[in-house]
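Q: Take a look at the letters that make up each chain.
2 protein chains.
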Amino acid sequence: MNNNFYCVIMAGGVGSRFWPVSRNTMPKQFLDILGIGKSFIQLTYDRFLKIVPEKNIYVVTSSAYSDLVHKHLPNLPVENILTEPYRRNTAPCIAYAATRIRHMNPDATMVVAPSDHFISNENLFVDTISCAMRYASQKDELFTLGIDPTRPETGYGYIQCSMKESTTVDGNIAYKVKTFTEKPNRELAQVFVDSGEFLWNSGIFVWNASTICKALEKWLPEVYSLFKDGDKYYGTPQEQAFITKIYEDCPAISIDYGVMEKTSRAWVFQASFGWTDLGTWESLYLHADKDSDRNLIKCHDTLIDTTRDSVIVSMEKDKLIVVKGLENYLVINTDDVLMICPRDESKFKEVITDLAVNEKSKYM
Amino acid sequence: MNNNFYCVIMAGGVGSRFWPVSRNTMPKQFLDILGIGKSFIQLTYDRFLKIVPEKNIYVVTSSAYSDLVHKHLPNLPVENILTEPYRRNTAPCIAYAATRIRHMNPDATMVVAPSDHFISNENLFVDTISCAMRYASQKDELFTLGIDPTRPETGYGYIQCSMKESTTVDGNIAYKVKTFTEKPNRELAQVFVDSGEFLWNSGIFVWNASTICKALEKWLPEVYSLFKDGDKYYGTPQEQAFITKIYEDCPAISIDYGVMEKTSRAWVFQASFGWTDLGTWESLYLHADKDSDRNLIKCHDTLIDTTRDSVIVSMEKDKLIVVKGLENYLVINTDDVLMICPRDESKFKEVITDLAVNEKSKYM
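If you're matching them up, the sequences are chains D and P in order. Start counting the first sequence at 1; every next residue gets the next number (our numbering). Start counting the second sequence at 1; every next residue gets the next number (our numbering).
So that you can see chain D by itself, here it is in the shape it has in the complex (with noise of 0.2 Å):
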């Protein structure tokens, strides 16, 4: 394995979004929502295991949750949790983690990935970024992995290929990036999947620490300033009490918004290991196995009826769930919360504003 490799695995989310089996304290990375043994953040640690040297897997997240990281994943040093005291979306999460590298090896290839997402192929994501690792080492150029979609998903963010100036690499083939899409409608998106230029945003990057540190400097220079004088304190005691401060005065601001969409040098290598974006109950119930009735169902002891297109979800051990004649619903059990909500990714949105308006924060 390439000692030059390393990787970068953001898991500062915070989980709203599967709640209330996802809490403030307990987000999405660190769940099994799949019901398979093992957390997000476990099983994207395993996958880069086989892409780069253990030693040289960093994890980037909250200060509040790197305890929890340290749980998930005995095995990784402690000093290579990076822990941000302040949440400000994706450019410093990758400036202090590029600058931090670099400072370690000036020669190192990084990828960059959220802890969040599932892979159904593993073997052939872990071909396609240790080929893109190999390919992005020698370039002075930002690659990122596009997912070829397989549905005119309105959830995700696109990435459209320039036709015209691709290469192939080992089998795979690396488009030059002609625009970044945010997330479109049902009816753009069914346009972006027919044309066959378009890729799903997988979040995922590819690139020298060198590269993007350049890059930040030239797009980013209020971010990348911040960490220039890194090196004075990366690796000493006073590392912490740096990146606070630094921290405080941070923009907030993603590096597909300040880097990817502004450079000329992206590139996109194209995918298809099979990766999905579990970042919502309705995500997961689309993605996941279903009954006859089309219920997703994850619990202990059931006896259910009448119930067609539901989510059933308990984590209660020892309880029989009982459910007659519901239709399109989410039934959500923890030992703290019952949550009976319409599937209507609307709803479940004003079920979280109502917590927050209601008082009950303390459940979120």
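Careful, some of the hints might be misleading.
Repeated chains share a single entry, so a pair holds when one copy, or any two copies, can fit it.
[Stated by the list, open to error] Heads up, simulated BS3-like pairs for lysine-lysine below, C-alpha to C-alpha not over 25 Å straight-line:
| hint | residue 1 | residue 2 |
| --- | --- | --- |
| 1 | LYS347 | LYS298 |
| 2 | LYS218 | LYS360 |
| 3 | LYS178 | LYS218 |
| 4 | LYS319 | LYS362 |
| 5 | LYS347 | LYS232 |
| 6 | LYS319 | LYS298 |
| 7 | LYS183 | LYS347 |
| 8 | LYS319 | LYS176 |
| 9 | LYS317 | LYS164 |
| 10 | LYS349 | LYS319 |
Keep in mind the hints are simulated off the structure, nothing from the lab.
For chain D, the structure is supplied; the task is to place chain P on it using the hints.
A: Using the frame of chain D, we list chain P on its own:
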């Protein structure tokens, strides 16, 4: 208080009708379903303390519930708990209690009442029952309590009064009974109420122990003959063995069907003390106070929105109940069962049947 006055509280009912709050091991009479701090049996006992001497209150229950009776009524002497080894409906229960009390006191007048009814005007209840007992003590007749109907209820039995034969006793009116009618359909119930001749059958009886014994001997000799040897065993260590032996052979039959519908000695005291047999979630829903969306809500903490005409009960403390977009549902949550079911009584009955069929009877 008259030392010849006795009370028999019938507390043998099993409870699937408030499932999952009521259980085989915890039937309705031991529940505080109204959330007022006392179980039905405690409320019933407290009412009769104002009518008969404490030592003259007896409870007849299943052997499975005698410990529960003792727990709920710690002041009740254990020898006043009469335990039935098998469920045989009300006639054997009354035969046991009546022969037992006659054995203690041949001049006894007794009131017999279910343990799980709700009375809203306790003072009027005490006055009416006391009046009926005083009157019955001088008569060789069988008295029942009939409630002024306030709606065409189809869940109760009705008693038709003979308007030509009545007597006024201390302001109360007793009518000779013309007919007993089982639960009518809606149209018939409306006819009953409109006629002014019908009262709800409360299942509360007042009579001398000797009078009901004579009536049992006449109308149910196959039951009475089993108990007539009781005098040899009552109050001895052999009492329970005797009861166990005769109950095995005893037919199951109600006192209404076995005696009251046949005798010409039945009279009914008209009563209006606010009586409700809260026998089902539906009757509790109809009886209880509701919020402005017509929901009956008994929970520790809730966030309820766009939900109407529903019953939402949670026995778990420290649990937030979030319900959105339900109409006409039961949501009942206990430590080990969550039930979501349409309020329609037939749907609820299907759940109870399905529990048995699907081998979930450990939750019953």
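Q: Please go over all the hints and tell whether each is borne out by the structure.
A: Verification of the hints:
In this assembly of identical chains, LYS347 and LYS298 lie within 25 Å of each other by CA distance both inside one copy and across copies; the values are 21 Å within and 24 Å between. For the homomeric pair LYS218 and LYS360, neither the shortest alpha-carbon distance inside one copy (44 Å) nor that between copies (66 Å) is at most 25 Å. Taking the shortest alpha-carbon separations for LYS178 and LYS218, only the intra-copy value of 20 Å comes in at or below 25 Å, while the best inter-copy value is 100 Å. In the homo-oligomer, the alpha carbons of LYS319 and LYS362 lie at most 25 Å apart both inside one protomer (24 Å) and across protomers (11 Å), since each shortest distance falls under that limit.
Taking the closest pair of Cα atoms, LYS347 and LYS232 never come within 25 Å of each other, the shortest separation being 50 Å inside a single copy and 71 Å across copies. Taking the closest pair of Cα atoms, LYS319 and LYS298 come within 25 Å of each other both inside a single copy (12 Å) and across two copies (20 Å). Taking CA atoms no more than 25 Å apart as the test, LYS183 paired with LYS347 passes inside one copy only; the shortest distance there is 20 Å, against 43 Å between copies. Proximity of LYS319 to LYS176 under the C-alpha cut-off of 25 Å is found in neither arrangement, the shortest distances being 54 Å within a copy and 53 Å between copies.
Taking identical chains as interchangeable, the C-alpha atoms of LYS317 and LYS164 are never at most 25 Å apart, the minima being 56 Å within one chain and 64 Å between chains. In this assembly of identical chains, LYS349 and LYS319 lie within 25 Å of each other by CA distance solely across copies; the values are 20 Å between and 27 Å within a copy.
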